[in-house]
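Peer 1: Chain residues, written in single-letter form:
Protein chains: 2
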Amino acid sequence: MNAIVEQQDLKKERILEAAYNRFLHYGYSKTTMNEIASDLSMSKALIYYYFPDKCQLYIAVMRKLADDYIKNFEVNSNTFSCLREAFIFQINTQHEFIVNNYNFFDFFRINEQNLPDLIWEIVDKVHQHERDILIGAINSEVAKGTISPIENTCEIVSLLFEALNGVSVTAQSQKKVVFYDKVHLNKIHQKRLLLAEIFIKGLLY
Amino acid sequence: MNAIVEQQDLKKERILEAAYNRFLHYGYSKTTMNEIASDLSMSKALIYYYFPDKCQLYIAVMRKLADDYIKNFEVNSNTFSCLREAFIFQINTQHEFIVNNYNFFDFFRINEQNLPDLIWEIVDKVHQHERDILIGAINSEVAKGTISPIENTCEIVSLLFEALNGVSVTAQSQKKVVFYDKVHLNKIHQKRLLLAEIFIKGLLY
Numbered sequence: 001m002n003a004i005v006e007q008q009d010l011k012k013e014r015i016l017e018a019a020y021n022r023f024l025h026y027g028y029s030k031t032t033m034n035e036i037a038s039d040l041s042m043s044k045a046l047i048y049y050y051f052p053d054k055c056q057l058y059i060a061v062m063r064k065l066a067d068d069y070i071k072n073f074e075v076n077s078n079t080f081s082c083l084r085e086a087f088i089f090q091i092n093t094q095h096e097f098i099v100n101n102y103n104f105f106d107f108f109r110i111n112e113q114n115l116p117d118l119i120w121e122i123v124d125k126v127h128q129h130e131r132d133i134l135i136g137a138i139n140s141e142v143a144k145g146t147i148s149p150i151e152n153t154c155e156i157v158s159l160l161f162e163a164l165n166g167v168s169v170t171a172q173s174q175k176k177v178v179f180y181d182k183v184h185l186n187k188i189h190q191k192r193l194l195l196a197e198i199f200i201k202g203l204l205y
Numbered sequence: 001m002n003a004i005v006e007q008q009d010l011k012k013e014r015i016l017e018a019a020y021n022r023f024l025h026y027g028y029s030k031t032t033m034n035e036i037a038s039d040l041s042m043s044k045a046l047i048y049y050y051f052p053d054k055c056q057l058y059i060a061v062m063r064k065l066a067d068d069y070i071k072n073f074e075v076n077s078n079t080f081s082c083l084r085e086a087f088i089f090q091i092n093t094q095h096e097f098i099v100n101n102y103n104f105f106d107f108f109r110i111n112e113q114n115l116p117d118l119i120w121e122i123v124d125k126v127h128q129h130e131r132d133i134l135i136g137a138i139n140s141e142v143a144k145g146t147i148s149p150i151e152n153t154c155e156i157v158s159l160l161f162e163a164l165n166g167v168s169v170t171a172q173s174q175k176k177v178v179f180y181d182k183v184h185l186n187k188i189h190q191k192r193l194l195l196a197e198i199f200i201k202g203l204l205y
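Chains as they are written, first to last, in this note's numbering: chain A, 1 to 205; chain W, 1 to 205.
Since the hints were made in silico from the structure, they are not lab data. A portion of the hints provided could be inaccurate.
Treat identical chains as interchangeable: a pair holds within one or across any two.
Claimed, not checked - Straight-line distance between alpha carbons at most 25 angstroms, and here's what the computed SDA-like set of lysine to any residue pairs gives:
(1) K182 x C154
(2) K187 x S148
(3) K187 x S168
(4) K182 x E155
(5) K187 x N152
(6) K187 x I150
(7) K182 x N165
(8) K144 x G202
Chain A on its own, in the form it takes in the complex (with noise of 0.2 angstroms):
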């Protein structure tokens, strides 16, 4: 019995990889079912008996590399001398994770303002890792003396955040970007490491 399910998280782990190499390659709108069978020569039924549709599809493999994101991130989270190497750990990390597997993205620019409900869990729950380390780098700073108390950690953390989720490359006053083009995710990403700046120095007062 084991053993079969052994085989069956085998195959799994198979069609999530080359749906990735698809997907990071191709972006979501332009690869089919029967490519990602065809790269495996698993037949496109079996394929669908462990995903019932591509965008289920989609969604494991986001898990799975969300998963991974948040696993690279707490190995990293011991290794922070300071506040600023936290915070710009997460805004590089962040960064990276983005451009790196930008066509993969191609899924959020589709939909845009109606992302399945399912994603934002996995973006939630990826926040809330960042969040989680992030309340730990300030507390331990707390700790040495370099900054004074902070009645509430997480609510600073998420204030960053959610700061930091405002820069963008338009007037502020426009209809809210889910996902932009390269070039304005650099120049956001070089924004956000100023903002980041400013606000720790105010932090460390």
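Fit chain W to the supplied structure of chain A, relying on the hints for placement.
Peer 2: Using the frame of chain A, we list chain W on its own:
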């Protein structure tokens, strides 16, 4: 000839005033051109002579409100004793303006993602004036020697504006909300004040 123009301007002003009162108390959607005409004991045709439809009338009222808002801002712009005062004034004035005109802005809530370009032009004009005054406040702080010279003051002010604009009461991943309800507006106001305090401390280093 001039007398006719003056009389027309006066009529226009009276229409704008009556429309503002209706929009303020009953909101855009519950106000009709008939009611405005009856408030003024004018014919509906006369109102349509000046404003082709309710939307155009609303935009004209909005433009008048914005001009008053900018005037109030400029009158106070020379009274700030420090950067903090200028920033807090901007945040408080904006908050009070929105709260005091809450029903008037139901137009924004109704049209969330599809506000006419003319509305955005007015909003952008207001923001531009706010930015200019805060740029002046930073520059005079630099002149006083309390903060080190900033390469691009305009960029710094825009950054804070965008950051303030990112402050929300929902998870950051959710859809942008153009207009919050009253309870949320107060929470956002408190968070914006906190963000501005941290940001200013960060600048004053």
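Peer 1: Hint compliance check: list the failing hint numbers for this structure, sorted ascending.
Peer 2: none
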